[in-house]
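*Asks:* Fit chain B to the supplied structure of chain A, relying on the hints for placement.
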Amino acid sequence: MICARVAFSTAAWTLAVTAILTGFATAQGPPTLIHVRPAAVAPGRTTELVLTGTHLSGDLRLWTSFPARVDWLGADAQAQPTSDRNASSGKDAPPVQVRCQLTVPVGIAGGIGGLTVATPQGTSDVQYVMIDDLPSVAEASDNHSPELAQPLTVPTAVEGQSDGTLSDFFQFEARQGERIACEVVASRLGWDYDALLRICGADGTEYLLLDDDPATGADPRGLFTAPKDGLYRIELQDHRYKAGGRYRLRLSHVPFATCAQPLVVPVGIATHLTATDIIGQRHGPRELLIAAASGPLPGILVMPVAAVPEASGSGSVLIGITDLPVMYESPADTSAASSTVQTPPIALPAVLAGTLQQPGEVDGYRFAARKGGSVQFRAMSRSLGSPAVVSLRVADATGKRLAENPPTDSDEPVWAFVPPADGVYQLQVSDLIGRGGADYGYAVVARPGPSFALQLKNDKNNRWRHAVPPGGVLALDIQCQRQGEDGPIELAIDSPRAGWQIVPGRLPAKANEARVYLVAPQDLAPGETVSLHLVGRASSGEGSTIPLSTLAMLRATRPACPYPPAWHDGLLLVSGLAGESPWFRVEPVSGQVFLPRQVGSARWEVKVHRLSDAFRQGNLTFIPLSLPPNVSVETKRKDAGPHETWELTFKGPANLPESSHFVRFLLVGEAGGQFHGFWSGDIELQVASPLRLAVQWPAAWVPGQVHSVQVDVTRLGSDPQPVELRLKTLPRGLRGPEPVTLAADASQATLQVTVAEDAPVGTDLALVVVAKTRYGETNIEVESVPHTLPIKAP
Amino acid sequence: MRQFVACQSLVCLIAMALESGGAAQAKEDAPASPPGVKVTRLEVFPSQIELRGARAYRQLVVTGIAADGSLCDLTAISQMATTDSSVAVVEGTIVRARADGRCQLAVLAGGQAVIVPVEVSGTAEPDPISFQRETLAVLTKQGCNSGACHGSPSGKGGFRLSLRGFDPELDRLTLIREDGGRRTNPLDPDASLLLDKPMMKVPHGGGLKLTRREPGYAVLRQWIAEGCQPDRSDAPRCVGIEVYPGTGQVLKRPAWQRQLAVLARLSDGSVRDVTELACFSSSDPQVAEVSPQGEVRGLARGEAAILVRYLEHVASPVFTFVQDVPELVWPQLPQVNYIDELVDAKLRQLGYAPSGLARDEEFLRRVYLDVLGQLPTPEETRQFLADSRPDKRRLLIDQLLSRPEHARFWALKWGDLLRLTTQQVGPSGVFKYHRWLERAFAQNMPYDEFARQLLLARGSTLENPPANFYRTTSDAQDSVESVCQLFLGARVQCAKCHNHPFERWTQDDYYGLAAFFNRVQKKKSPRSDELWVFVTASGEVTQPRTGKIMKPWLPGRGTVDAGDVPDRRETFVQWLTSPDNLWFAQVEANRIWSFVMGRGLVDPPDDFRESNPPSNAALLDALARDLVAHGFDRRHLLRQILNSRTYQADFRPNPFNQDDTRYGSHYLPRMLTAEQLLDAICAVTEVPEPLEGLPAGTRATQLPAPDLVKHEFLKAFGQPERQTVCACERNTEANLSMAIQFFNGPVIYQKLRDPNNRFRRLLAAGRAPEAILDELYLAAVCRMPTAEERAAALAHLASKNDRAAALEDITWAILNTNEFLFQH
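So the protein lines, in turn, are chains A and B. Taking numbering that gives the first Met the number 0, I'd label the letters of the first sequence as residues 0 to 793. Taking numbering that gives the first Met the number 0, I'd label the letters of the second sequence as residues 0 to 823.
Since the hints were made in silico from the structure, they are not lab data. Values in this document were obtained by computation on a predicted structure and should not be read as measured data. Idealized CB from N, CA, C, for every residue including glycine. Careful: at least some of the hints might be erroneous.
[Unchecked claim] Here are the computed lysine to any residue pairs in the SDA-like style, where the Cα-Cα straight-line distance is at most 25 Å:
hint	chain 1	residue 1	chain 2	residue 2
1	A	Lys-241	B	Gly-68
2	B	Lys-523	A	Asp-212
3	A	Lys-399	B	Ala-561
4	A	Lys-227	B	Gly-425
5	B	Lys-521	A	Lys-635
6	A	Lys-370	A	Gly-433
7	B	Lys-521	A	Asp-162
8	A	Lys-637	A	Phe-593
9	B	Lys-412	B	Ala-385
10	B	Lys-521	A	Val-413
11	A	Lys-399	B	Thr-535
12	A	Lys-456	B	Lys-523
13	A	Lys-241	B	Thr-697
14	B	Lys-523	A	Ala-551
15	A	Lys-241	B	Ala-616
16	B	Lys-522	A	Ala-415
17	B	Lys-523	A	Gln-482
18	B	Lys-523	A	Phe-593
19	A	Lys-241	B	Asn-463
20	B	Lys-521	A	Pro-213
21	B	Lys-522	A	Gly-422
22	A	Lys-635	A	Ser-611
23	B	Lys-709	A	Asp-162
[To be verified] Chain B is nowhere near these chain A residues, computed Cβ spacing over 10 Å in every case:
hint	residue
24	Thr-46
25	Thr-204
26	Pro-213
27	Gly-216
28	Pro-406
29	Arg-536
[To be verified] Just some of the chain B residues that point at chain A, by a computed CB distance under 7 Å:
hint	residue
30	Ala-123
31	Gly-458
32	Glu-462
33	Gly-696
Extracted from the complex, chain A is given alone in its bound form (with noise of 0.2 Å):
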């Protein structure tokens, strides 16, 4: 047995590669990439790629999910107009060529990568190619009857393009009983090709129909055995007659891995991995160690199938990680009926993962749960090559059905479950429909406790790439689907890029969606393409840290693409924009905010001058940072632009403590979809009372005799008012002055306190002085702090 230690990163994307293709005029917009020509870089070999695109010139930048080395080539000489039906972006600029090199170290694991194209006006949206070992070549454009097929020799990969009614033919040679793997990737390249693949011997006679692949959707894949020596010919088409979708068709002498089995690995133990093909045969074992994780925990790892030998042949297979324990089924458990009665109850959290090996087959395991609490699964299958569409059931120790998960629109799902009481449950793994066979792979994490799930809201404003400014702005509305994590989350970004700020750095208790600042480093280059992720973890501590998904917002933008490549789920790219003038200057910058306690109010205005025309009508939103708690802030524009006042109005309940705090606040501009932002600089914001007693009081009370008082009044703020001072609740013995009014300008009274002559010697007595005045709108009312004299004997 081979122990096969791989290092490896979850993020891809932490090797980018850049390059400056100079020589070219400035670009005027944002780059738009709309195809790569060949769609397929080859592992351990340098690929010339054609990209076209528009506005692909001045300093250009080539970001890969993937390590690669970029050698530019130039502007294709013979670039033409393209007539791709996804041009979309290029309506303001003709689609241009452009070539480059893309060298990928040996040993990357084949499958999906991306690439994008960065200027310091922007950057492009993601292509997807394919890491592929095949050699590529590109589909002969007449092709379209059985009289043109284009020959091809096994093994080799076309790229091809949909000419709607029209089939694309292609033929080869084979020998009787030679077995030729095939498959079309399109809907895992994002495009939308919906494949029906046929083939035919010389006379006509159907041998091979492919359509739909349980795993793979509209991406079909088949052995096909030659009943005799001769020539095939292959049938390609879109099954709708849809034009302009593209297709990359991969034959291959070797069946292709379809997933591993188990779909999860832990971090940090080794386990025995197979690979199934698509025969269903299985591969392996091989033993598999994942040292350690780089990236956000769960993961997906790319493996190729290289890691296990006999399944040797193109590709790769997708693998969950993992840092909780994976309880594998074992022929044991995996009957639901068996698990009901001999298993010990699993600890959770773990993720159990198994194979639905057989249709109608059920898998079961045991755990302990408590009443009122809630257990959270979540399966994996599909998004790790797996046709398995999960179906959680919980049933109690008897076997009784309690509960399964409702049905929704994904193949994954995502579920609580209450137990009704304290005791041992089972949960069952079927398949929804009840299939089952050697690649039928799942995975369930199962958590006690509430948990939460974030995501970039699928939002038309809304995007997962940016270009942004050096300490530029971009925002992203998030949602949290909270399952029983009411708490507040916090908020953190991870990026190989230091010097990110998110803001506010928190969801609020409770909150399902709100907007979040990404404010960019200083330092972040023209050009320069960031990949990032952002995570939350419940402020209690407890539990994992959750990345942020983008799924919906790919799925809706790549709607062939139902399982994006894992490494593009929750990857924000921003990229570095050419030094823009501000769109506006604020000032002050900083200062001191008085807020009366007793009030719970104060104001503060700053002037906004609005420096650009594109930011003439566009919206300014104040993000504070470090308020005191219960202290709020409300943001009021006073007057017309461009040279305008915003009140700033801090709130908080009455008798706040005494303070001081230093604010300070994130203005955010937005139009068009931009953001720019500006710091505020340190605002003090001191918390306390309007008005201060200072008194002095005589050593004792001695009856018979007068004494004075002496009280001084501080103010607090700019409006000074009279003051009336008074004795509160003189006791018995003593007798004093009627209140007396401080004017407005003075700040020192003294209140004459008379002693009786039959005062009890002897005994205490405490006084208060009491002073009213107002504050603003508001009476004031401030009591000294009561002092206690003994009346003495003269």
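*Replies:* For chain B alone, coordinates are given in the frame of chain A:
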């Protein structure tokens, strides 16, 4: 009973009866028997009469039997009398009880006499009106609770009854409680609106519906007078009805009358005559009519079912009306297979002589259109006409059945039924579902397997296209209705809200069937346009009226215990596709027959019911058995039909079958369907119709869905929208739009004007006008022009300077002939 008595004794008996007061009951001036019928034997039903209760009666049916075994109904013309009118009396053709005792009934007709013993008992016992068995039956018989009157969902004039009395308790409360209690007045029954309205004593929107002479009047009045009582909980219920005479009676003209008697079997084992309370209707009013009293009268040769309804019970005896056709000489025509034998047997019985074989060119065109949906090319026509082999028709049929166009054309037919549209199954699903259909026909998938794949489908609608069957059904109820109509030929929609008014289907049956399908669920998936069909482990159906949880129910088998079957549909489909369930095979056999014969043996082909019997039950049965015996091989059955002389018959009727449209004596011409017609025009002109988004050369008959390509011509000629599973959506009734399309519609105009059309290319190639005419006629109607046609066309060509323009006119004229427009 003594069936025959000596004439002398009979005279005495009748004399005694007359003396005892029965004179008024005898029909002294009635004819002895129908003209031309010599009765040799007399039968009276019932052969003995037991009347229990003061209101008991029996409908008499008197049958005369001639020497040749033929029957004639003599009920209406019989002389009848009882020997003791204080015990029982004869009113019309009904014997009624008077008092306990015994007597005899004498029946005299056709020179024959029969004595029937009569025993009356229990007349002193209380015999209250049964609300359910009598009052509601009267309301149904009088039409009060029909869908057009107070049985409509909103009732009429503020008075709403359950449709045909399916909710007795609600109806009773409505009658006694609503409207201030004025509908029924037990203190003064004659002041009840329930009587006054239908008798038009007060204005009644429905007109006169009841008279004092009708039996219903007495029932209603007595029920009111008795205090509008409900039935006791232990009161006997009706569990079934029997009709005398039973089904299969053959009545030979002039003896085309038949009196029916209806007996109700009650839950206590007793039997009651309910003839007066039963409702009667004819399945074919052109063949037979029936009076409210149950007297059937034939009007024309043929078969008709008489639908007899009493409460929710239905019986449908079928009567065959035959007559002698003196001039008819049965032609000596070959019988290719059992189809011809059974058709001939029916035709012989009815006196229709079959037409001869169609001409080769007509057969060729017909079979091409039926099998491929398209016309043969002129070259194919020439080859076939020149072929001298005796079995060339059989060889052609085999060849056509193996062509790919056959599968594509028949996929269109099933596409209509399966609601295959983009709207219903999505832009991707429509192609996948259609391709599955095409391949099912191309591979000649056995019909039971075809049904299984559809009805047990689960999974992705894209990966497993038959799962779209459930995508097109909105819920379990829609599934039941679709499954019943498609695979059982039954329209059960009515039973969703109430018991089927004309059939055996009850509301319980409906929801019992729904219990097989209610666990079928659908969910979306991340893949665009994909839906997942799956089956849940739980979920029950509740009967909305009774609130009862329904167990799965199967026709003919009743409630079944589905137990812990993971998918209840398995049980249903196992029953459905079982070779023992001939019903399933009959429906498909009938559908195939209707596809190629233009009319189903049961017609409409998806409307199997007792009141719509097959025109040739034996043939339908044989076709179904053949289908089952050959593993549900539809192509085999189609081949059998196409090879039959019946299918290949001339469309021209002969004097002995010209009024037959049901029994296969000659081929029934029918208009080409919209898609066939468009393809035919394209074929004649050799200008294909571009169908956007589909490969060049795609024919209209190969369109996956009507909403993929919006085509005005196709719509005008009845292309269905596929909104329902009903075959009736395809409409070929002539309309103005059709005429406009042929007068100056763009499709024909552009094809005639196309510079590369058939005749312009022939002209350009230097072909002589005569040759071009030959090509046009061969392409359009598979024959050469007649001398008259040729002369007229050449004259027209000669009269025009522009030959192409003249040929446009000629082609247009050919396209406008019935010979082109019709399949014949």
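*Asks:* Checking one constraint from the list: CA of Lys-523(B) to CA of Phe-593(A), max 25 Å. Satisfied?
*Replies:* 57 Å, violated
*Asks:* Check whether the Cα positions of Lys-241(A) and Thr-697(B) lie no farther apart than 25 Å.
*Replies:* 15 Å, holds
*Asks:* Sort out whether Asp-162(A) lies within 25 Å of Lys-521(B), counting only the CA atoms.
*Replies:* 34 Å, violated
*Asks:* For the pair supplied as a hint, Lys-241(A) and Ala-616(B), confirm whether the alpha-carbon distance does not exceed 25 Å.
*Replies:* 49 Å, violated
*Asks:* Are the Cα atoms of Lys-399(A) and Thr-535(B) separated by 25 Å or less?
*Replies:* 15 Å, holds
*Asks:* Is the straight-line distance between the alpha-carbon of Lys-709(B) and that of Asp-162(A) 25 Å or less?
*Replies:* 22 Å, holds
*Asks:* With a cut-off of 7 Å, does the beta carbon of Gly-458(B) approach a beta carbon of chain A closely enough for the hint to hold?
*Replies:* Check passed: Cβ of Gly-458(B) comes within 5 Å of chain A, closer than 7 Å.
*Asks:* Does the structure keep Lys-227(A) and Gly-425(B) at a Cα separation of 25 Å or less?
*Replies:* Roughly 40 Å between the alpha carbons, so the hint for Lys-227(A) and Gly-425(B) is violated.
*Asks:* Quickly compare the C-alpha distance for Lys-522(B) and Ala-415(A) to 25 Å and report which way the hint goes.
*Replies:* Holds, at roughly 19 Å.
*Asks:* Could you check if Ala-123(B) really has its C-beta closer than 7 Å to a C-beta on chain A?
*Replies:* Where the cut-off is 7 Å and the nearest Cβ of chain A is about 62 Å from Ala-123(B), the hint is violated.
*Asks:* Taking only the CA atoms, is the gap from Lys-521(B) to Val-413(A) under or equal to 25 Å?
*Replies:* Holds. Lys-521(B) to Val-413(A) sits at ~18 Å (cutoff 25 Å).
*Asks:* Going by Cβ atoms, does Gly-216(A) stay more than 10 Å from chain B at every point?
*Replies:* 5 Å, violated
The structure fails to meet hints 1, 4, 5, 6, 7, 9, 15, 18, 21, 26, 27, 28, 30, 33 from the earlier list, while all remaining hints are met.
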